[in-house]
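Participant: Residue numbers (the working numbering), protein chains in the order written: chain Z, 1 to 83; chain S, 84 to 179; chain F, 180 to 316; chain A, 317 to 812.
None of these hints come from the bench; they were simulated from the model. One or more of the hints may lead you astray.
Taking lysine-lysine pairs in the DSBU-like style, the calculated list, with each CA pair at most 35 Å apart, reads [unchecked claim]:
#1 757(A) with 312(F)
#2 31(Z) with 77(Z)
#3 757(A) with 152(S)
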Amino acid sequence: MIPGYMLMGYIFMFTALFGSVLALIQRDLMKSVILIGLEGLAVAFLFQTLRAPDVGITQAILGAALLPGIFAITVYKTRREEE
Amino acid sequence: MYEKFFEKLKQGEDIAGAFTADFQMVLLISLGVLLFFRLFTTVRLAIVASFIALLLVIRAIPLVFRVSKEHSDTFDSMLFYFALAIGLVIVLLGGI
Amino acid sequence: MSLETLFQPMCFLTAAGLVVVGLYAVIFMDNLLKKIIGVTLISDGVNLVLITGGFNKIVAIISPEQAENGVTSVIYEGLKEYPEFAAQAAYPLPSALVLTSIVISVSIFAIMLAIAIKLYNHYNSMSCSVIFKEVDE
Amino acid sequence: MNLDTIFVPALLVAFPLIAAICLNFLHGKDRVVKAVAIISVVVVLVLPWITDAAVYWFGGHPQVENVTGGTNIVLSKLNLAIVYKYAAIQKLFIAILAILASAAVLIHFTERVSGVYVAMIMLGVASTSAVIMADDIFNIFVFLEILTISQAALVIAIGSIQAYKTAIKYLIFGGIAGSSILLGIAILLNNYGLLNVSDLNRAITLDIEAGIPHALIVACALIFVGWLFESGMVPFHIIKSDVYSKARPSVAAFMQTQTKFVLVALWVVILRLFYGISTFNALVLGVGILSMVFGVMMALKQTEITRLLAYVAVAQAGLVGVGLGIGTRAAVTASIFHAVNDALAMAILFLSVSVVLHITHTVDMRKMGGLLWKTGYVPFLCLLGIFAVSGMPPFNTYQSEFRIITAASTAGYPELSVLIILTSIATLVALMKGFYTIYLKEGQDYLTDKELTPVSYSWGTEVFMVLLVAICLAIGLTPQNVFPYIEQFVQTLGVI
Numbered sequence: 001m002i003p004g005y006m007l008m009g010y011i012f013m014f015t016a017l018f019g020s021v022l023a024l025i026q027r028d029l030m031k032s033v034i035l036i037g038l039e040g041l042a043v044a045f046l047f048q049t050l051r052a053p054d055v056g057i058t059q060a061i062l063g064a065a066l067l068p069g070i071f072a073i074t075v076y077k078t079r080r081e082e083e
Numbered sequence: 084m085y086e087k088f089f090e091k092l093k094q095g096e097d098i099a100g101a102f103t104a105d106f107q108m109v110l111l112i113s114l115g116v117l118l119f120f121r122l123f124t125t126v127r128l129a130i131v132a133s134f135i136a137l138l139l140v141i142r143a144i145p146l147v148f149r150v151s152k153e154h155s156d157t158f159d160s161m162l163f164y165f166a167l168a169i170g171l172v173i174v175l176l177g178g179i
Numbered sequence: 180m181s182l183e184t185l186f187q188p189m190c191f192l193t194a195a196g197l198v199v200v201g202l203y204a205v206i207f208m209d210n211l212l213k214k215i216i217g218v219t220l221i222s223d224g225v226n227l228v229l230i231t232g233g234f235n236k237i238v239a240i241i242s243p244e245q246a247e248n249g250v251t252s253v254i255y256e257g258l259k260e261y262p263e264f265a266a267q268a269a270y271p272l273p274s275a276l277v278l279t280s281i282v283i284s285v286s287i288f289a290i291m292l293a294i295a296i297k298l299y300n301h302y303n304s305m306s307c308s309v310i311f312k313e314v315d316e
Numbered sequence: 317m318n319l320d321t322i323f324v325p326a327l328l329v330a331f332p333l334i335a336a337i338c339l340n341f342l343h344g345k346d347r348v349v350k351a352v353a354i355i356s357v358v359v360v361l362v363l364p365w366i367t368d369a370a371v372y373w374f375g376g377h378p379q380v381e382n383v384t385g386g387t388n389i390v391l392s393k394l395n396l397a398i399v400y401k402y403a404a405i406q407k408l409f410i411a412i413l414a415i416l417a418s419a420a421v422l423i424h425f426t427e428r429v430s431g432v433y434v435a436m437i438m439l440g441v442a443s444t445s446a447v448i449m450a451d452d453i454f455n456i457f458v459f460l461e462i463l464t465i466s467q468a469a470l471v472i473a474i475g476s477i478q479a480y481k482t483a484i485k486y487l488i489f490g491g492i493a494g495s496s497i498l499l500g501i502a503i504l505l506n507n508y509g510l511l512n513v514s515d516l517n518r519a520i521t522l523d524i525e526a527g528i529p530h531a532l533i534v535a536c537a538l539i540f541v542g543w544l545f546e547s548g549m550v551p552f553h554i555i556k557s558d559v560y561s562k563a564r565p566s567v568a569a570f571m572q573t574q575t576k577f578v579l580v581a582l583w584v585v586i587l588r589l590f591y592g593i594s595t596f597n598a599l600v601l602g603v604g605i606l607s608m609v610f611g612v613m614m615a616l617k618q619t620e621i622t623r624l625l626a627y628v629a630v631a632q633a634g635l636v637g638v639g640l641g642i643g644t645r646a647a648v649t650a651s652i653f654h655a656v657n658d659a660l661a662m663a664i665l666f667l668s669v670s671v672v673l674h675i676t677h678t679v680d681m682r683k684m685g686g687l688l689w690k691t692g693y694v695p696f697l698c699l700l701g702i703f704a705v706s707g708m709p710p711f712n713t714y715q716s717e718f719r720i721i722t723a724a725s726t727a728g729y730p731e732l733s734v735l736i737i738l739t740s741i742a743t744l745v746a747l748m749k750g751f752y753t754i755y756l757k758e759g760q761d762y763l764t765d766k767e768l769t770p771v772s773y774s775w776g777t778e779v780f781m782v783l784l785v786a787i788c789l790a791i792g793l794t795p796q797n798v799f800p801y802i803e804q805f806v807q808t809l810g811v812i
């Protein structure tokens, strides 16, 4: 039987891919910010399943928390709807 | 050839260096063809090919303005050339 | 081809998918922020490639005498005492590299966003066709 | 505590980084910033001459003996940590880099000097010298990214909207090109498990005997595209010349030196890794020719003086690429020599334009003119600079271009020497056009409104221009004290 964490790995792979595609299709930029955060988180978990926990933590902090934060500030300062 | 440049001048283009640039473009194409064919095929074919290239280029002489239009600063033209560069490099190195 | 052995190729595929989506966003999306997201996706995908490369024992430094008798992948001599750990250990070098690479891509991303805000204040539009229109002002 | 434990090659990178960080923090207080800036510039100038040639292993453990005297040389010696090689040619590169960095900093010293501006120049010095010395591809990648950021920041320092547009384009391309280099490194790491260039060199030579694996070709293509971006070759020459023309001219002089040295340093790394691929040299040659010709062609058509110089700088980088592409030992030595000479010669022109910009506040050549008698020695030095760039005999570029042309014809490409000669002629035409519009044309509006006594511009520019002309002449008249070092360096490559 496949070990549990590898099964989770497959789920994170799909969330990462679909998250990024959905983020780019969105017209409302705030939604795409959240989806990018989700995608960063999925990649962070993927690193964890690939036996690189330290990188997973960094990616979680930077990719899932800091980047969406900065990005949200930018969207706040500019416009929400992408024309 | 002169009147082509003259009507370009009427359009207010700055053609001060255009003659040298054009001469350079002609030389690049003819010598490039010569070098390319000389390396990969017989020398005689190379000479014939370079003459044909020379004639073609002479007919479309004010090349510079077309080339400089290509060199516009817009983002998309740069990205297109970037994508072209990656493809060309992989193919030329024999990846495919 | 059980699911377990399929895990690493699938990771490579997702990384490739991320890079392709990122490249598509940079080249074809008109909104400047979408292009910046594209660059982030590309660097995420490349980091993923680096890490999945070190996942199982594909990468190993082969000492000369092992190379003679055709050894392709090897367990480190130092790990002989812990066979089950050695069997599962990932190659440590890529994870060290990805740490710096993530930090660098975040710093580039932050600068790009700052400039994007500045450009928006001047052009009050985020679309590249407006900002980079070939205009000789 | 004897000296050679302190002045170690790594200090050449560490000190500018520390200086950059301190200057960043001192941004507010001007007097302190000026003091720290002067100190750091002086130390950066002196450092290359103090540190003696050495191979520096980070973490101090030299090559690990995998097996003593093993017949199969596969990885018998293994560099565990990052290795910096600091030989005569690296000293030459970094010394010239330091001179131009000090020029970029000291010229605008009369007006208010912002800490961040000097910090970015120090960052540029640190990253370029790291790329020149490093023997570890990931270390090179990290410092290439830092180089991209510092150059973008130097473009932003101008503050105009055009500068922001160029900076964002440059950063986006830098991000993609950097990621493509990292992808190439990832593929190499997955296949060979090594990062050190000399180890990879040995590992790949063994691997190639059994035919070239596709992974190696894709890795070479990716790193090659990254190299194209860093050195401003064909598809990226537009963005690169845009960056030069939007930055301050004295900074642009510093940047074009960085690009040429990074071009040579990266080419050495790529050659040592991928010389096995048959069409590698032909590709470098093709890219060099295209960027040389397009560079000069666009230079001839420009109406802005800074853009004209930017395209000439890109064309000379293309000429260096052609020399490297030819691949014979003589051609490679000549092109590295030309990279050194041309960095110096182009700097003179950029500095002369910085004086013109200081007076006329406009870049457009149609609105300039009549500055011949108003700016002291600058026109004369600018004329010398033009002769230097296009390779007139007494100057150093003549020595190197002459050697490239002879190397091209002896290597069996006579067409190339014809093209190179025409390029240097076209460069002269373009620069003469620039010289005429700035100095010889009749006066413009800005002259009449304020009666220009010898215009007050920072005398620093003149000092540096005289210094650069003197160096150019010195190398030009006595090339034998620079050329043999380059020949030894090319021999040690052992790959050509």
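Participant: Give a verdict on every hint.
Facilitator: Each hint tested on the structure:
Our distance criterion of 35 Å between C-alpha atoms is met by residue 757(A) and residue 312(F), whose separation comes to about 33 Å. Simply put, residue 31(Z) and residue 77(Z) have alpha-carbon atoms about 15 Å apart, close enough for the 35 Å limit, and the pair holds. Our distance criterion of 35 Å between C-alpha atoms is met by residue 757(A) and residue 152(S), whose separation comes to about 28 Å.
In this structure, every one of the numbered hints holds.
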